[in-house]
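K.L.:
Given only the sequences and the hints, what does the whole structure look like? Please build it.
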Amino acid sequence: MEIFAYAFMQRALAAAVLVGLLCSTVAFFVVLRRLSFAGVGVSHSALGGVAIGVLTGVNPIVAGAVFATAVAWAIGWVSRRGQLSEDTAIGALFSASMALGVVLLGFVPGYTADLMSFLFGNILAVTAADLALVAAVSFAVLGFVAFFFKELLAAAFDEEVAEADGLPVGFLYYGLLTAVALTVVVSVKVVGVVLSSALLVIPAAIGFELAKDYRRMLGIAVLAGVAGSVTGLALSFYLDVAS
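Positions in the sequence shown are counted from 1; adding 210 to them yields the working numbering.
Derived by calculation from the structure, the hints in this document are not laboratory data. Quick caveat: nothing in here was measured; it's all calculated off a predicted structure. For glycine and all other residues, C-beta sits at the position ideal for the given N, C-alpha and C. Mixed in with the good hints there might be a few duds.
Listed next, with one range per pair, are the computed distances between beta-carbon atoms [what the hints assert, rightly or not]:
1) Ala309 / Tyr448: 49 to 57 Å
2) Arg291 / Gln220: 45 to 53 Å
3) Tyr424 / Val313: 40 to 48 Å
4) Asp368 / Tyr216: 45 to 53 Å
5) Leu449 / Asp375: 49 to 57 Å
6) Gly301 / Leu420: 27 to 35 Å
7) Val371 / Tyr216: 48 to 56 Å
8) Thr441 / Glu419: 18 to 26 Å
9) Ala335 / Val268: 41 to 49 Å
10) Gly380 / Val313: 29 to 37 Å
P.N.:
Dropping the structure here:
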């Protein structure tokens, strides 16, 4: 129980649980809709939004959320027009967004971009304000998923049938992309681009392999995401290795 004796570890554990829960829930639909590359693209494009925030004096997290959402919508708009495949649109937009971020950060006087922190996060430096932000976004995204769960699942299974049944497939698609973008931005603050991308795929992939129905798949995904995050943090504490 030594791990609970430190306030920063308490906050880190709370962040690990929240991010594990949020990412693995969204990952369930990301894997079913084959949007894994979209999660990677949106997470990398967040650098552009963060750079805009730093340059303009706006909260980088807010700027990153708005920018990542715009990129996610652009990916959806381009891919749904049918003139470019989804993976092509993602590849073009996320590389351009990262390039924009690097260029803009170069204009900030005296600012040295901490790319290691952006790539891998800093879960041990999570503040109470960061926790509140992650909790608020988790509440909003999980609320959206819970309210439209049946509709999202129907659209993921067969979008054409869902549209024929009168479901708002366009709204559900863009809503899911928005959920991915918001999830990515708050997760990048805690675990960085690399792990947020992983958490948007691996837990649901585990559930997909082990479960025989969608509800069990979601349960296993959430368990894998939370357990993996907490276990990794605990191991880093007791083995004295990088979190």
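K.L.:
Are the hints correct? Go through all of them and say.
P.N.:
Hint check:
no., hint, result
1, Ala309 / Tyr448: 49 to 57 Å, "violated, 40 Å"
2, Arg291 / Gln220: 45 to 53 Å, "holds, 48 Å"
3, Tyr424 / Val313: 40 to 48 Å, "holds, 43 Å"
4, Asp368 / Tyr216: 45 to 53 Å, "holds, 49 Å"
5, Leu449 / Asp375: 49 to 57 Å, "holds, 52 Å"
6, Gly301 / Leu420: 27 to 35 Å, "holds, 31 Å"
7, Val371 / Tyr216: 48 to 56 Å, "holds, 52 Å"
8, Thr441 / Glu419: 18 to 26 Å, "holds, 19 Å"
9, Ala335 / Val268: 41 to 49 Å, "violated, 21 Å"
10, Gly380 / Val313: 29 to 37 Å, "holds, 33 Å"
Violated hints for the displayed structure, listed by number in ascending order: 1 and 9.
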